[in-house]
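Undergrad: Chain by chain, the residues:
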Amino acid sequence: MPKLTIDGKEVEFQPGQTIIQAAATVGIDIPHFCWHPKLSVSGNCRVCLVEIEKMPKLAISCATQAAEGMVVHTNSEKTLAARKAVMEFILINHPLDCPVCDEAGECKLQEYTYKHSIGESRFTEEKQHKEKRVPLGPHVMFDGERCISCSRCIRFCTEVAGDTQLTFVQRGDRVTINTFPGKELDNPYSMNVTDICPVGALTSRDFRFNSRVWDLSATNSICQGCSKGCNIQLWVKANKVLRLTPRHNQEVNSFWMCDEGRLNTFKNINAENRINGPHLKRNGGFTRVSWDEAFSAAISELKGFSREEIAYIGSGFATVEDNYMLAKLAKTVSGTKYIDAVPHLVPGSGDAILRTEDKTPNMLGATLTGMQGGKSIEQILQLVSEHKIRALYVIDEDLVSNYPQFAEAIKKLDLLIVHAVNENATTQIAHIVLPSASYAEKHGTMVNIDGRIQRIRPAVTTIDADRTLDGLSLSRLDKFGTEYDRWGRSDKIDARPTWKIILGILSAFGQRSKITMADELFHEIAENVPAFRGINYDTIGEQGVVLNINKTTSVYGEKL
Amino acid sequence: MERIVLPEIENLHNIDVYIANNGFAAARKALLMSPDDIIDVVKKSGLRGRGGAAFSTGLKWSFMPKSTDKPKYLCINGDESEPGSFKDRQIFEFNPHQLIEGIIITCYAIQAKSAYLYIRGEYHKWVNLMETALETAYARGFVGEEMKKTFNTDFSCNIYIHKGAGAYICGEESSLMNSIEGKRGYPRVKPPFPAQNGLWGNPTTINNVETITNIPPIINKGWEWFSAIGEPKHPGTILFGVSGHVNKPGVYELPSGTLLTDVIYNYAGGVPGNKKIKCVIPGGSSMPPLRGDQLEGIKMDAESLRAAGSAIGTGGIMVMDEDTDLVKVLARIAKFYYHESCGQCTPCREGTGWMLKLLNRIVNGEGSQRDIDLLLSVANNIEGNTVCALGEAAAWPVKFMLMRFRDEFEARVSPHINLEPKNKVHSMRHTVNPIDKVEI
Ligand SMILES: Cc1cc2nc3c(=O)[nH]c(=O)nc-3n(C[C@H](O)[C@H](O)[C@H](O)COP(=O)(O)O)c2cc1C
Ligand code: SF4
Ligand code: SF4
Ligand code: SF4
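From first to last, the protein sequence lines stand for chains A and B.
Numbering (our numbering) for the first sequence: 535 to 1094.
Numbering (our numbering) for the second sequence: -6 to 433.
Keep in mind the hints are simulated off the structure, nothing from the lab.
Any given hint might turn out to be false.
Said to hold, decoys possible - Simulated coverage check for chain A against chain B, where a stretch passes if three residues somewhere in it have a Cβ under 8 angstroms from a Cβ of chain B:
hint, stretch
1, 579 to 587
2, 689 to 699
3, 703 to 709
Said to hold, decoys possible - A few chain B residues that face chain A, going by a derived Cβ cut-off under 10 angstroms, partial list only:
hint, residue
4, Arg21
5, Trp216
6, Ser220
7, Thr345
Heads up, the beta-carbon is just placed ideally off N, CA and C, and yes, glycines get one too.
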């Protein structure tokens, strides 16, 4: 491979790589605002200017291709002088309103100002004023004065979202961002611009002013919005999820996620209608009971139905671990063949970017652990309506809302046991309601549409905290805030992961297990389910691994 | 002295007059030559671009890739928006067919089937004149499909007139291409250069109107003839647009290397009231100004002007007499570049406004000594750090005015004003950690 020298270091590069890319391979971070690895090069911010020996002028490292024998200085006197000059220029008209800016704490401009600027302005003139608080679309707010005209947002819309909705208008220091006449910034990926905007010019209308970002903890997880399984981070303060952001995974979602996933997959975690503690239906109303009471009630009821009279309903919203345990329960206690998960296909809701039509994050994982890919669910419900099946055990699905045509039949069941995060139409008619931990409260794995198994992690604590494998990440305030601080006393829900609830029922059935943690359970799964052989939580890691599965494994009767 | 670009022929804009004066003979001759031979002739003629940078025209043409399936394009730059520059419009008005003939020959030489003639938006009158001329040339079969019959050849090309929308920056060649493509007039980052990646990503050559108008005479009379005119390193005639404090402002076609003082005194009639000259900008507003006492012996060609500390630019000579307020002049020039900066890249977008604000303060008598140094520092920080040459165009006048007329500025600032920055607060703390990870 050809080599160039950057700051005295010999660096190998692929032909065609630019200096900034070659430098990144050896951990040299050349400051940049407008350059983004997944967008075209615009070369406009000029912060990445570097000195190249034998070149008369400084060159921008984002657009200059590395060449054999090239000698680059990213910290020479000339380079530093130019960098400081550019930083000064960027800041002269910037409002410097970090104290009231949502981006503060994760702002590239703020960070570079600390690292690369002289710290004093020689600018004594009136700053240029521009429009502030402009809603560009349903989810994104724009502040013209903070914008540094890097064009990342424009390029994102055109190049990634495939919808040219933003443009620069005006000239010189009057340049600002606008939508085209009659257009809004409303593409399905619009909120990614808030992540890539290097300043606080584009902010999420959903999250704005909800928290300073340094008061939040970030936990790596997987989006629950569809079977793409975009890698995300859950941002938590005072035990509440306040926002989701995409996490880089080149094999899955690159740097992006869709607005639907970002906005609509976490609000139920903090919702009022969380189910808190196990409940039994008595005299037409629900009574909160202890877990042990709930376990023995469940097992004694379950034992009263023959294999032909009971069915178990798994879920693509539940983890591999949860579905595996459900299958185990069905086999051990009832020996029934009636077991399947509920399909959630929304035709036309997918695209060629990220979104898929399967709205569950783990249908493939559920199928690999014993569900039937939704193929027999209608048959099961038919038998329910014929009153041949008289008992249902449902995890994490609102069967009544999903199958209104069977609502009446389901109501007539002799036994309905439901695991649920939030109250819903099905929990209302259940006989036993078991509070399951949401995806933000437990460890587990999910298999995405491409057969990649990925991990979710607890970001929020429940009373029965899923004992942490690699440490629950707590925000500074969650850790050190006193009980007199608002954030020091957080409400905790009494809920448990579905797999753990089933462990409790099996234990009441007399089948005790040594397993207490999700990774131990996964160990058992890996031994019993061929698709997971040889895999463990460590090998899955942050980016997941692709399962070696028979590609004809059927989800919804389709070939993979 | 023979005039090449604007010959002294009555009604030359009339196609019949043009034909009667040997019009389209060069095209006829060129179409029988090989494209490479034409490029060779233009190279040997020594013709250098008249759009500002004085780059060898033949060499530029030779950059066009030979073996490519992509369409090739020619753009003719008639955006002419540099203050002090008003010579291309003379060609549109008085010799449009020689320009058209030059375009045809150039298209053939670089094997382009389409040429875009980009004319400054404010030039309504000249757009109309040029459109009429082009329609006539089409009607007479000199352009388009018909030219195959007229010239008995299998080459043909089309010429499209594209009207600008009032932005100086669209005269910058890559911005001009974006503008033709219907995009915002933002200059492109180079490389890639237009010959590799130009109009719609295809090989493209961009030349100034005057440059192209020189082509037919070179083909007709040969490179030896042309290269013998004026200064050998920058041969031919140049259209000098003389403005400001002269008795006879106007466009003068003179051999390159003519003395600047001759242009001013012999052709442009000298300075009204016989006043002394304080300052001359020799090549359009973005070129470094010269002091009145520097002018003796300066020849008007690229090399001589460079040696004298300025540049030929577009040959727009702006003369300022001894009573001129240069602080105001510079503020006015700075206002122009502030107004015209496209705003794409940081140093020019922010720096042009800053320089203007400083200059306005000095003009208003509110400036301090510190402002002069600051002004110079801002100009230096723009220069060389931008996407396109508008950065230099904005910085040079400031830098060289301050270098050559600093006394005028010092006389205008008060020793008593010494503003400390009001917002001295984007403070830096030294981080202990070196940049340890690569962030996005
Ligand atoms: C800001 C800016 C404005 C320019 N305006 C013009 C113009 O109006 N006309 C022109 O011919 N060249 C202009 N140029 C120069 C062109 O970029 C280009 O160099 C020229 O058209 C090439 O033609 P030539 O080789 O025939 O000189 C401008 C350059 C810059 C940086
Ligand atoms: S809004 Fe943000 S991303 Fe868009 S150009 Fe301005 S600074 Fe860049
Ligand atoms: S594409 Fe699917 S997984 Fe990705 S963010 Fe959207 S809903 Fe979530
Ligand atoms: S130098 Fe000025 S005109 Fe040229 S690209 Fe940068 S901002 Fe635009």
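Undergrad: Are the hints correct? Go through all of them and say.
TA: Each hint tested on the structure:
no.: 1; hint: 579 to 587; verdict: holds (count 4)
no.: 2; hint: 689 to 699; verdict: violated (count 0)
no.: 3; hint: 703 to 709; verdict: holds (count 6)
no.: 4; hint: Arg21; verdict: 44 angstroms, violated
no.: 5; hint: Trp216; verdict: 31 angstroms, violated
no.: 6; hint: Ser220; verdict: 29 angstroms, violated
no.: 7; hint: Thr345; verdict: 6 angstroms, holds
Violated hints, in rising order: 2, 4, 5, 6; the structure is consistent with all others.
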